[in-house]
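Asker: Just so we're aligned, residue 1 is where the sequence shown starts under this note's numbering, counting upward by one.
The hints are simulated quantities; they were obtained by calculation from the structure and are not laboratory data. Mixed in with the good hints there might be a few duds.
Stated by the list, open to error - List of simulated lysine to aspartate or glutamate pairs, EDC-like, C-alpha gap at most 20 angstroms: (1) Lys27 with Glu16; (2) Lys530 with Asp610; (3) Lys144 with Glu299; (4) Lys440 with Glu450.
What the hints assert, rightly or not - What follows is a list of derived Cβ distance ranges for each label pair: (5) Asp219 with Ala550: 34 to 40 angstroms; (6) Glu249 with Pro552: 49 to 55 angstroms; (7) Gly91 with Lys147: 42 to 48 angstroms; (8) Tyr421 with Gly507: 44 to 50 angstroms; (9) Glu523 with Gly91: 37 to 43 angstroms; (10) Leu105 with Leu70: 17 to 23 angstroms.
We put the CB at the ideal spot given by N, CA and C, even for glycine.
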Amino acid sequence: RYSLFYNHLKNIEESEGGLDKFTKSYKTFGVNQLADGGIYCKEWAPGAEAVFLAGDFNGWNPFSHPYKKLEYGKWELLIPPEDGQSPVPHGSKLKVVIRAQNGALLYRISPWARYVVRDEDKVNYDWVHWNPPQSYIHKNPSPKRLKSLRIYESHVGIASPEGKVASYKNFTYNVLPRIKDLGYNCVQLMAIMEHAYYASFGYQVTSFFAASSRYGTPDDLKEMIDVAHSMGITVLLDVVHSHASKNSEDGLNQFDGTDSCFFHSGYRGTHQLWDSRLFDYANWEVLRFLLSNLRMWIEDYRFDGFRFDGVTSMLYHHHGIGTGFSGDYNEYFGLHVDEDALCYLMLANHMINTLHPECITIAEDVSGMPALCRPVEEGGGGFDYRLAMAIPDKWIQIIKELKDEDWNMGNIVHTLTNRRYEEKYIAYAESHDQALVGDKTLAFHLMDAEMYTNMSVLMPLTPVIDRGIQLHKMIRLITHALGGESYLNFMGNEFGHPEWLDFPRIGNNESYHYARRQFNLTEDDLLRYKFLNAFDRDMNKLEERFGWLASPQAYVSEKHEANKVIAFERAGLIFIFNFHPYQSYVDYRVGDWHSSLTVAFKYKILLDSDAGEYGGHQRLDHNTEYFSEEFPHNYRPNSIMV
Numbered sequence: 001r002y003s004l005f006y007n008h009l010k011n012i013e014e015s016e017g018g019l020d021k022f023t024k025s026y027k028t029f030g031v032n033q034l035a036d037g038g039i040y041c042k043e044w045a046p047g048a049e050a051v052f053l054a055g056d057f058n059g060w061n062p063f064s065h066p067y068k069k070l071e072y073g074k075w076e077l078l079i080p081p082e083d084g085q086s087p088v089p090h091g092s093k094l095k096v097v098i099r100a101q102n103g104a105l106l107y108r109i110s111p112w113a114r115y116v117v118r119d120e121d122k123v124n125y126d127w128v129h130w131n132p133p134q135s136y137i138h139k140n141p142s143p144k145r146l147k148s149l150r151i152y153e154s155h156v157g158i159a160s161p162e163g164k165v166a167s168y169k170n171f172t173y174n175v176l177p178r179i180k181d182l183g184y185n186c187v188q189l190m191a192i193m194e195h196a197y198y199a200s201f202g203y204q205v206t207s208f209f210a211a212s213s214r215y216g217t218p219d220d221l222k223e224m225i226d227v228a229h230s231m232g233i234t235v236l237l238d239v240v241h242s243h244a245s246k247n248s249e250d251g252l253n254q255f256d257g258t259d260s261c262f263f264h265s266g267y268r269g270t271h272q273l274w275d276s277r278l279f280d281y282a283n284w285e286v287l288r289f290l291l292s293n294l295r296m297w298i299e300d301y302r303f304d305g306f307r308f309d310g311v312t313s314m315l316y317h318h319h320g321i322g323t324g325f326s327g328d329y330n331e332y333f334g335l336h337v338d339e340d341a342l343c344y345l346m347l348a349n350h351m352i353n354t355l356h357p358e359c360i361t362i363a364e365d366v367s368g369m370p371a372l373c374r375p376v377e378e379g380g381g382g383f384d385y386r387l388a389m390a391i392p393d394k395w396i397q398i399i400k401e402l403k404d405e406d407w408n409m410g411n412i413v414h415t416l417t418n419r420r421y422e423e424k425y426i427a428y429a430e431s432h433d434q435a436l437v438g439d440k441t442l443a444f445h446l447m448d449a450e451m452y453t454n455m456s457v458l459m460p461l462t463p464v465i466d467r468g469i470q471l472h473k474m475i476r477l478i479t480h481a482l483g484g485e486s487y488l489n490f491m492g493n494e495f496g497h498p499e500w501l502d503f504p505r506i507g508n509n510e511s512y513h514y515a516r517r518q519f520n521l522t523e524d525d526l527l528r529y530k531f532l533n534a535f536d537r538d539m540n541k542l543e544e545r546f547g548w549l550a551s552p553q554a555y556v557s558e559k560h561e562a563n564k565v566i567a568f569e570r571a572g573l574i575f576i577f578n579f580h581p582y583q584s585y586v587d588y589r590v591g592d593w594h595s596s597l598t599v600a601f602k603y604k605i606l607l608d609s610d611a612g613e614y615g616g617h618q619r620l621d622h623n624t625e626y627f628s629e630e631f632p633h634n635y636r637p638n639s640i641m642v
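Please construct the entire structure, taking both the sequences and the accompanying hints into account.
Answerer: Take a look at the structure:
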């Protein structure tokens, strides 16, 4: 794998003038404004017989501005300035006109288009030339690379209690302050790359270089990222390079009139479950396109890194369809692995680490591919983090299938600590996957229909709501503290957002009722959502203070099946969880790692899920001091009584 990567890198150096020049192609491909006011256009359309540019600027004459054919399927066009002014004004509509091999004229959006919009009365998107007289100027530097990542996974369009598509401006001024207050230091943005179908959650990308116009302009997004940086918040893009929409009128599919171009032709070029096109990662121009795409998002918009979606689908020719992964190495090495796709990921991480070492990359891989988060120089994939995708599945399985008294403490601990040595994992109790229609969030699994009637503090605290609120807090804290080297939460789930997430579509009469986040629920002092919101905030603030995510993996001193107690040490703290459905304990002995007792070591409660401000029963006295004593317990030299 490293040899394949090294050969690609060597070829880039020899034939393209280096990685820096190769990945700057976003500044030359597409339609670009020149300093003298002229326009330079460049496309890659290897299957085209001829290429033209048409638009408002030439009265939509499809033949007046032909491209010149270059080597290797490339085409270029230079349009001189008119009286020192651009011949293609800002805001004018354009199309690349392709004469296909069968003679047909195809009107296409450039794969490199920076801004596409859709009129309300139209089905397809239009390409709009984006060249404002004054582009947004970033005022704030990017935050320094974080040691502890507390990620708030977000979707701009649903980030409002109102039933509509919310805007970048709304996110900037209403949501970012909330994220900051909750103690998250990183926001991961979904559905930014333009996608024609809103209900695809942004995972059917049509224009890879365009920020979605349904939320506002490119400058609105730049301002949003700039304001986040002013708050010390790192901003990651959920990037989709694993596949592309099958749209041809406003997507990449059949851009030059052939079945291939950016994709594999035939069966290999289509994802059977997603009904989308699959990139040909062995193609030189595809590598140029995808690597330049990453660099554009970093340099133009100031994104601080990426969460790569669908990495499992990229890594294997079977795309993970109908395949289970047990951890056996035969599952990760063999002819079923797509080495070209893996090499692309290595190149992407190498490029980012070389040109922008402050940036972060995350892999969404369910397979457990070894060394995915080890440096490229070691033959690894080069990612900084990988998602601990088994954790949310485990919590859902436990809640759905087991009675409280049957919860297995050892199995919970195993799932939370089962990660590859020296590879960083992002732990999460639930993400957007669990919130989607057809599934349920943890809160809804725990409390279900009673969330509609019994979340008011004026109503008696029922056993269902009581259990749900307490377990919601405990599940989040143990996942946060034990599950990885970073933590992620999907927007709204921190306070137990009711119901599910469903975008407007034919099946729900195009309703926005479930395509929103009801942040207002936390601001109503008569509702119990405020308790969960406060606990999530203080949990993050405590991590910010002690940095357990950046500390070595925890030492688990106890996982007691009969008592349903889990205890572990991390970052100088002792975490103790009692998952027993009805049994509390007094004078419970817990191991302590401090071996020197020249000074009596004492502990105090820092965070208590049973505290009144978190909707608990206030059974613990926070003024109590717990002293370590020279009494070995659970293989620790000392212990405390709690």
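Asker: Evaluate each hint against the coordinates.
Answerer: Evaluation of the provided hints:
1. Lys27 with Glu16: With Cα atoms ~15 angstroms apart, Lys27 and Glu16 stay inside 20 angstroms; holds.
2. Lys530 with Asp610: Holds. Lys530 to Asp610 sits at ~14 angstroms (cutoff 20 angstroms).
3. Lys144 with Glu299: holds, 16 angstroms
4. Lys440 with Glu450: With a Cα-Cα distance of about 14 angstroms, the restraint between Lys440 and Glu450 holds, given a limit of 20 angstroms.
5. Asp219 with Ala550: 34 to 40 angstroms: Holds, at about 35 angstroms.
6. Glu249 with Pro552: 49 to 55 angstroms: The hinted range 49 to 55 angstroms holds for Glu249 and Pro552, with Cβ atoms some 53 angstroms apart.
7. Gly91 with Lys147: 42 to 48 angstroms: Between Gly91 and Lys147, where Cβ atoms are some 44 angstroms apart, the hint holds.
8. Tyr421 with Gly507: 44 to 50 angstroms: Since the Cβ atoms of Tyr421 and Gly507 sit about 45 angstroms apart, the hinted range of 44 to 50 angstroms holds.
9. Glu523 with Gly91: 37 to 43 angstroms: holds, 39 angstroms
10. Leu105 with Leu70: 17 to 23 angstroms: The hint (17 to 23 angstroms, Cβ to Cβ) holds, given that Leu105 and Leu70 are roughly 21 angstroms apart.
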